[in-house]
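Peer 1: Residue numbers (this note's numbering), protein chains in the order written: chain V, 1 to 252; chain C, 253 to 495.
Mixed in with the good hints there might be a few duds.
Said to hold, decoys possible - Okay, the calculated beta carbon distance ranges per label pair:
1. V:Gly-232 <-> C:Arg-481: 52 to 60 Å
2. C:Asn-266 <-> V:Ile-92: 42 to 50 Å
3. C:Gly-477 <-> V:Ile-92: 18 to 26 Å
4. C:Ala-306 <-> V:Val-148: 54 to 62 Å
Just so you know, these hints were derived from the structure itself, not from any lab. The beta-carbon is built from N, C-alpha and C at its ideal position, and this holds for glycine as well.
Chain by chain, the residues run as shown.
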Amino acid sequence: MNDILLEIKDLHAKAGDKEILKGIDLTIRKGEIHAVMGPNGAGKSTLSAVLTGKPSYEVTSGSVTFMGQDLLAMKPEERAWAGLFLSFQYPIEIPGVSITNFMKTAINSKRKAQGLEPMKAGEFLKLMKEKMALVQMRAEFAKREVNVGFSGGEKKRNEIFQMAMLDPSLAILDETDSGLDVDALKIVADGVNSLHTPEKSAIVITHYQKLLEYVRPDIVHVLKAGRIVKTGGRELIDMIEKDGFEQFHNND
Amino acid sequence: MDIPMDRKNIDHGNYVAAPLSGGVRVEGGRSAREIFILRGGQDVVPPQCYTVEAGSILDLTVIVLPGVSARVPLTVDLLGEGAQANLSGIFLSSGDDKVDFDITMNHRVGKCKSTQLFNGVAAGNARCGFFGRIVVAPDAQQTEAFQTNHNILLGDEAKVETKPRLEIYADDVKCSHGATIGKLNEEEQYYMRSRGIPEAEAKVLQMISFVAPVIASLPETDAEGKPCREAVAQAVEEAIRAI
Numbered sequence: 001m002n003d004i005l006l007e008i009k010d011l012h013a014k015a016g017d018k019e020i021l022k023g024i025d026l027t028i029r030k031g032e033i034h035a036v037m038g039p040n041g042a043g044k045s046t047l048s049a050v051l052t053g054k055p056s057y058e059v060t061s062g063s064v065t066f067m068g069q070d071l072l073a074m075k076p077e078e079r080a081w082a083g084l085f086l087s088f089q090y091p092i093e094i095p096g097v098s099i100t101n102f103m104k105t106a107i108n109s110k111r112k113a114q115g116l117e118p119m120k121a122g123e124f125l126k127l128m129k130e131k132m133a134l135v136q137m138r139a140e141f142a143k144r145e146v147n148v149g150f151s152g153g154e155k156k157r158n159e160i161f162q163m164a165m166l167d168p169s170l171a172i173l174d175e176t177d178s179g180l181d182v183d184a185l186k187i188v189a190d191g192v193n194s195l196h197t198p199e200k201s202a203i204v205i206t207h208y209q210k211l212l213e214y215v216r217p218d219i220v221h222v223l224k225a226g227r228i229v230k231t232g233g234r235e236l237i238d239m240i241e242k243d244g245f246e247q248f249h250n251n252d
Numbered sequence: 253m254d255i256p257m258d259r260k261n262i263d264h265g266n267y268v269a270a271p272l273s274g275g276v277r278v279e280g281g282r283s284a285r286e287i288f289i290l291r292g293g294q295d296v297v298p299p300q301c302y303t304v305e306a307g308s309i310l311d312l313t314v315i316v317l318p319g320v321s322a323r324v325p326l327t328v329d330l331l332g333e334g335a336q337a338n339l340s341g342i343f344l345s346s347g348d349d350k351v352d353f354d355i356t357m358n359h360r361v362g363k364c365k366s367t368q369l370f371n372g373v374a375a376g377n378a379r380c381g382f383f384g385r386i387v388v389a390p391d392a393q394q395t396e397a398f399q400t401n402h403n404i405l406l407g408d409e410a411k412v413e414t415k416p417r418l419e420i421y422a423d424d425v426k427c428s429h430g431a432t433i434g435k436l437n438e439e440e441q442y443y444m445r446s447r448g449i450p451e452a453e454a455k456v457l458q459m460i461s462f463v464a465p466v467i468a469s470l471p472e473t474d475a476e477g478k479p480c481r482e483a484v485a486q487a488v489e490e491a492i493r494a495i
C-alpha cells in the first residue's frame with residue numbers, strides 16, 4: 001500500500017523531569033538510510049531509546065507508527081519481533097551467558113511469538129557461522145560470554161553480528177562508530193552495507209562524520225535541543241564538517 | 253616478656269583461639285572437592301567442620317535450591333602452611349524458605365589462602381542470611397583471605413541479611429570482603445528485550461548470569477568422571493525457572 005516504514009509525529013519524551021525530545025517529526029521509507037547528527041545532549045540517544053522502548057523514558061505526547069502498528073504501545077521485545085533493532089552505544093556485558101545461548105534465546109523467542117517451532121540446531125549453527133564471518137569473528141566467539149572482556153571494537157562488531165542474526169527491517173545504529181579504529185569501523189560498515197536491501201532501512205546516529213563515509217545516508221537530519229532543525233542530503237555532512245552544529249538554529 | 257619489634261602492632265590481647273573444630277580432615281597434600289546440593293524433601297547436609305593441613309586444598313560448594321529451609325554452618329580450620337580452602341555457594345530461595353549460611357574461616361597458621369564466594373537470590377517471602385567470619389590468628393602472617401557475598405532480591409517481601417566479619421590479629425595479610433544486596437539490573441533487561449527476549453526470559457538469563465561465577469568454579473567432571481558442572485548448571489537453571 002505504501003512504503004513508509006516508520007513515521008514519527010510530534011514526539012515529546014522526558015527522562016525524569018527533564019524534557020529531552022521536544023517535537024520530533026521523521027518519516028522513513030523502505031530502503032532509506034537516514035543519518036541523525038547533532039551535538040552531545042541533543043537527544044540522539046534518547047530518540048533511539050524511546051523508539052526501542054527503554055523503560056526509563058516517558059513519552060509525553062506524539063505518535064510513532066512502525067509498519068502500520070502503534071510502536072509506543074508495544075513492549076521492547078515486541079518491537080524487536082516486529083523488526084526493529086538497536087545497535088547500542090554501550091553494549092551491556094552479560095557474564096555467564098554465551099553468545100550462542102543468547103542468540104538462540106533471542107531467535108527462538110521471536111519464533112515462538114510467531115507460532116513457529118524453535119530453529120533446528122544445525123540450521124542455527126550454520127546461521128551463526130555465516131553471520132560471524134560477516135563481521136570477521138573467529139569461531140571461539142560463539143562460546144564467549146556476551147560482551148565480557150570484549151574490546152570496544154569487538155563490542156560493536158558483536159552488535160552488528162546480532163543485527164545480522166535478527167535481520168531487522170529497521171536498524172538504529174547509535175554511535176556505532178564511537179571508540180572504533182579505522183579497521184573496526186570498516187568491518188562494521190561493510191557489515192551494515194551488506195545487510196542493506198531495498199526493503200530495509202537504517203537510522204545512523206552519530207556526531208562524527210567518519211562512519212558516514214562508509215555507510216552513505218540518503219537523508220541527513222540535524223538534531224539540536226530535542227528537535228530536528230534541518231533535513232537535507234549528504235551536503236549537510238560537509239557543512240557540519242566545516243562549520244559544526246552552530247550554524248543550525250531552532251526556528252521557533 | 254618482651255614483645256619483639258615486628259610484633260608490636262599485633263593485637264594479641266583480644267585473640268582467643270577457638271577450640272579446634274575437628275571434622276573432616278584434608279591432609280597429605282591432598283585436594284578434596286565436595287559439592288552438596290540441598291533440594292526440597294532431601295536431607296543432604298554437608299559436614300559442618302573441616303580441617304585443612306599443610307599443602308592441602310579443600311574446594312567446597314553448597315547449593316541450596318528452592319523449597320529448602322536450612323541452616324548451613326561451616327567451620328574451616330587452616331592448620332598447616334600452604335593450606336587452602338575455597339568455599340562457594342548459591343542459594344535460590346522462594347516461598348517461605350529460610351536459609352542461613354554461617355561460616356567461620358580460621359586462619360590459624362601463616363601462608364594459607366581462603367576464598368569465599370556466595371551468591372543468593374531471594375524471592376517471595378524468603379528469609380536468607382549470610383554470616384561469614386574470617387579469623388586470622390596473630391601468627392598467621394602472609395594470610396590471603398577473600399570473601400564475597402552478592403544477593404538479589406526478587407520481590408518486596410523477600411529479605412536478605414549479610415554480615416561479613418573480619419577479625420585480623422596479624423599484620424602482614426591480604427584480606428578483603430564485599431557484600432551487596434540489590435535487584436536485577438534494568439539496563440541488562442532492556443538490552444536483552446531489545447533483542448526480542450521477553451522480560452521473564454531475560455530475568456532467567458540474568459539470574460543464570462548472576463550465579464555463573466560459582467558454576468564456573470565447578471570441575472567439568474566429578475571424581476568418577478561423571479559430568480558435574482553441566483549437571484549442576486542444569487539443576488540450577490531448572491530451579492531458577494521455577495522461582
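Peer 1: Tell me, which hint numbers fail for this structure?
Peer 2: 3 and 4
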